[in-house]
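Enquirer: Sequence:
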Amino acid sequence: MDERFLTSLEGSGAAGSYCEGRQMSSSSMLPQPAQAALDQFPMVFSGDVDYTGATGTAWAPGRVNLIGEHTDYNDGFVLPVAVDRVIAFAGRVRGDHVVRLWSTHYQEYAQFPLEGLPATFERQREGLPGWARYILGVVTELVRSGVALMGFDAVIDSDVPLGGGMSSSAALEVATAQTCALFSEGSFTIGVEAATLTPMQVAAICQRAEQIASGVRCGILDQAASCLGRPGKAVLLDCRSLEYRYLPFDAPNLPLVVIDTGVRRELASSDYNVRRRECEEATALLREIMLQREPGNEAAQSIAALRDITQEQFYRYGALLPEPMRKRAGYVIAENARVLQTV
Numbered sequence: 011m012d013e014r015f016l017t018s019l020e021g022s023g024a025a026g027s028y029c030e031g032r033q034m035s036s037s038s039m040l041p042q043p044a045q046a047a048l049d050q051f052p053m054v055f056s057g058d059v060d061y062t063g064a065t066g067t068a069w070a071p072g073r074v075n076l077i078g079e080h081t082d083y084n085d086g087f088v089l090p091v092a093v094d095r096v097i098a099f100a101g102r103v104r105g106d107h108v109v110r111l112w113s114t115h116y117q118e119y120a121q122f123p124l125e126g127l128p129a130t131f132e133r134q135r136e137g138l139p140g141w142a143r144y145i146l147g148v149v150t151e152l153v154r155s156g157v158a159l160m161g162f163d164a165v166i167d168s169d170v171p172l173g174g175g176m177s178s179s180a181a182l183e184v185a186t187a188q189t190c191a192l193f194s195e196g197s198f199t200i201g202v203e204a205a206t207l208t209p210m211q212v213a214a215i216c217q218r219a220e221q222i223a224s225g226v227r228c229g230i231l232d233q234a235a236s237c238l239g240r241p242g243k244a245v246l247l248d249c250r251s252l253e254y255r256y257l258p259f260d261a262p263n264l265p266l267v268v269i270d271t272g273v274r275r276e277l278a279s280s281d282y283n284v285r286r287r288e289c290e291e292a293t294a295l296l297r298e299i300m301l302q303r304e305p306g307n308e309a310a311q312s313i314a315a316l317r318d319i320t321q322e323q324f325y326r327y328g329a330l331l332p333e334p335m336r337k338r339a340g341y342v343i344a345e346n347a348r349v350l351q352t353v
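Taking our numbering as reference, the numbering of the sequence shown is continuous, increasing by one, and the terminal residue is 353.
Watch out, some of these pointers could steer you wrong.
Said to hold, decoys possible - Derived SDA-like pairs: lysine to any residue, alpha-carbon spacing no greater than 25 Å straight-line:
{"no.": "1", "residue 1": "K337", "residue 2": "Q321"}
{"no.": "2", "residue 1": "K243", "residue 2": "D270"}
{"no.": "3", "residue 1": "K337", "residue 2": "A310"}
{"no.": "4", "residue 1": "K243", "residue 2": "R348"}
{"no.": "5", "residue 1": "K243", "residue 2": "I77"}
{"no.": "6", "residue 1": "K243", "residue 2": "E253"}
{"no.": "7", "residue 1": "K243", "residue 2": "M210"}
{"no.": "8", "residue 1": "K243", "residue 2": "G225"}
{"no.": "9", "residue 1": "K337", "residue 2": "D281"}
{"no.": "10", "residue 1": "K243", "residue 2": "Y256"}
Hints in this document: simulated from the structure, not taken from any laboratory. For clarity, every value in this text was computed on a predicted model and none was experimentally measured.
Take these sequences, add in the hints, and give me the full structure.
Expert: The structure is reproduced here in structure tokens:
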């Protein structure tokens with residue numbers, strides 16, 4: 011396993027994992043939800059099955075987006091930073107191919123078999139509570155990618171505010187992928203070098219998992235932020251090429267204050283798909299208008315997303331769009347420029 015990605019224990023804002031028996035430095039400390047899940051595991055799952063290997067825990071952080079809203083699904087740029095709040099799994103590998111889960115937040119069990127996936131996804135999805143569907147989605151996409159998985163029992167604990175705009179679903183998905191890697195008995199790993207999957211590949215798997223689990227055509231911002239997070243770093247991500255670079259975000263006199271307003275948000279109920287469709291329609295219409303008004307503009311033929319339209323072009327032709335398409339497009343085009351101005 012790549013020590014930089016899978017076993018990071020020091021600092022906040024990074025995904026990680028730990029198996030009991032592994033040596034820890036005196037300065038290392040498990041995230042509170044990881045320790046809580048470890049403490050509860052033997053009480054929730056009393057050993058009625060044959061376990062293999064040591065008890066382990068894996069986690070992934072939530073995120074805040076400094077700038078770049080609604081730009082990810084328009085192939086634009088985003089600038090997120092992972093936070094010190096995580097969702098954690100703690101458990102053990104089973105001797106069969108069943109996954110059993112206990113959520114401390116929902117006080118609820120969920121269970122599904124690995125056999126038959128991905129073909130049985132839709133049927134199994136309907137029998138699971140909402141939170142467990144995201145986990146099933148990740149497992150399904152991992153199987154689809156060709157990795158071999160083991161069954162496991164796990165307790166899930168979290169201090170990421172659910173529905174608070176800190177991407178708890180993405181943290182759950184990335185933590186699921188890390189847990190599957192931890193409990194795969196070495197059949198697959200996650201890391202930037204000599205690993206089965208890179209962090210960005212995991213982010214793409216988790217993005218697809220959310221799409222099939224929730225029906226929302228989400229972008230890759232949330233999953234990438236959770237996968238790529240590093241302590242004291244923001245991530246500038248190009249959502250088209252998926253290239254990224256880290257920027258320092260640890261100035262001692264620049265605290266990041268995150269306030270929970272109490273307003274709960276779910277992509278599945280926030281007209282997300284409608285907004286995405288409006289942006290796609292605005293792109294197509296602006297491209298058509300430019301080709302009509304500027305027949306010699308060869309660059310207009312390659313416009314594929316709002317990212318490809320400049321602010322100057324929008325000022326020239328944006329008024330020809332109907333509402334709310336004009337507002338949607340204008341915001342995204344300006345926001346994408348603001349991200350680049352920020353860095």
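Enquirer: Against the structure, test the hints numbered earlier, and report the numbers of the ones violated in rising order.
Expert: Number 8 - this is the single hint that the structure violates.
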